[in-house]
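> Just so we're aligned: 203 in the UniProt record's numbering is position 203 of the sequence shown, and the numbers increase by one with no gaps anywhere.
Since the hints were derived computationally from the structure, they do not count as laboratory data. All C-beta atoms, glycine included, are put in the ideal place defined by N, C-alpha and C. A hint or two may mislead.
Pairwise CB distance ranges, derived in the manner of DEER restraints [as the list claims (entries may be wrong)]: (1) Asp155 x Gly5: 30 to 36 Å; (2) Thr176 x Arg35: 40 to 46 Å; (3) Pro178 x Thr3: 41 to 47 Å; (4) Ser152 x Arg35: 42 to 48 Å; (5) Gly169 x Ser64: 42 to 48 Å; (6) Gly148 x Ala39: 27 to 33 Å; (7) Glu57 x Asp182: 23 to 29 Å; (8) Ala45 x Glu151: 53 to 59 Å; (9) Pro120 x Glu100: 20 to 26 Å; (10) His200 x Ala30: 18 to 24 Å.
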Amino acid sequence: MITAGEQASEERKRQVAEAVISLVAREGLAAASIRRVAAEAGVSAGLVQRYFRTKRELLRFAFSHLHDATMRRLSEVGPRTGDVTARLVDSLSVLLPLDEWRRAEAAVWLAFLAETQHDPVLARAHEDATRLGRELIAEAVRAAQRTGEAESTVDADSAAALVMAFLDGLVTQLATMPGLCDADWGRRALAAAVEHALRHPVSSPDDAGELT
Numbered sequence: 001m002i003t004a005g006e007q008a009s010e011e012r013k014r015q016v017a018e019a020v021i022s023l024v025a026r027e028g029l030a031a032a033s034i035r036r037v038a039a040e041a042g043v044s045a046g047l048v049q050r051y052f053r054t055k056r057e058l059l060r061f062a063f064s065h066l067h068d069a070t071m072r073r074l075s076e077v078g079p080r081t082g083d084v085t086a087r088l089v090d091s092l093s094v095l096l097p098l099d100e101w102r103r104a105e106a107a108v109w110l111a112f113l114a115e116t117q118h119d120p121v122l123a124r125a126h127e128d129a130t131r132l133g134r135e136l137i138a139e140a141v142r143a144a145q146r147t148g149e150a151e152s153t154v155d156a157d158s159a160a161a162l163v164m165a166f167l168d169g170l171v172t173q174l175a176t177m178p179g180l181c182d183a184d185w186g187r188r189a190l191a192a193a194v195e196h197a198l199r200h201p202v203s204s205p206d207d208a209g210e211l212t
């Protein structure tokens, strides 16, 4: 059982992680120094350093915090009764940067994405997040096949990979070009991509062949 002290410690770490996210969303990763993060969180630099010895440790924890929040949303994608396709689109739509907090999250994701080229721990975490997202979507595709909402010839893993790739690109466009891609268009584009993936078989991402 977690003690009151441990619970308080975890809450302070979450507070610091959210300060990192807010700061990086506004000013980028370069701004996320121990001192700046402490000021953003309203705590002392010493407290931040009690939990995170280096900026890299701090960024890794913030990325993990952001990943966990995203996975909690994606966990709603799993198979259930009813209109699986609509529920899949609704679940994935909550990941789109359509309000202030989600736009901040998207900005941080993009900043961390560049950092994965230089930090193998972040690179593995990003790959794990993508793999888990694909698995959750694939479960929903299989559920849609059982209800007849998806073609039986569709490979669920390949369809999930396609949807995830589209979602990554859509989040990037909505976050970086809001003047060209508004919220309504984003939702409709996502729905169209999901419908296409459920109806048209595609090659596996591990397959050297072209998408069909």
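> Tell me if the beta carbons of Asp155 and Gly5 are separated by a distance inside 30 to 36 Å.
Since the Cβ atoms of Asp155 and Gly5 sit about 49 Å apart, the hinted range of 30 to 36 Å is violated.
> Could you check the hint for me, namely that Ala45 and Glu151 are 53 to 59 Å apart, CB to CB?
Taking Cβ atoms as reference, Ala45 and Glu151 lie about 57 Å apart, which means the hint holds.
> Given the hint of 42 to 48 Å, is the C-beta distance from Ser152 to Arg35 inside that range or not?
Since Ser152 and Arg35 have Cβ atoms about 58 Å apart, the given range 42 to 48 Å is violated.
> Within 40 to 46 Å: is that where the Cβ-Cβ distance between Thr176 and Arg35 falls?
Check failed, 29 Å falls outside 40 to 46 Å.
> Take the C-beta atom of Gly169 and the C-beta atom of Ser64, compute their distance, and say whether it sits inside 42 to 48 Å.
violated (24 Å)
> Note whether the CB distance of Gly148 and Ala39 lies within 27 to 33 Å or breaks it.
violated (56 Å)
> Mind checking the hinted window 20 to 26 Å against the Cβ distance between Pro120 and Glu100?
violated (32 Å)
> Just tell me: holds or violated, for the beta carbon distance of Pro178 and Thr3 against 41 to 47 Å?
At roughly 45 Å between Cβ atoms, Thr3 and Pro178 fall inside 41 to 47 Å, so the hint holds.
> For the range 18 to 24 Å, tell me whether the beta carbons of His200 and Ala30 fit it or not.
At 43 Å between Cβs, range violated.
> Starting from the range 23 to 29 Å, see whether the pair Glu57 and Asp182 falls in it by beta-carbon distance.
violated (38 Å)
Hint violations for this structure: numbers 1, 2, 4, 5, 6, 7, 9, 10, all remaining hints satisfied.
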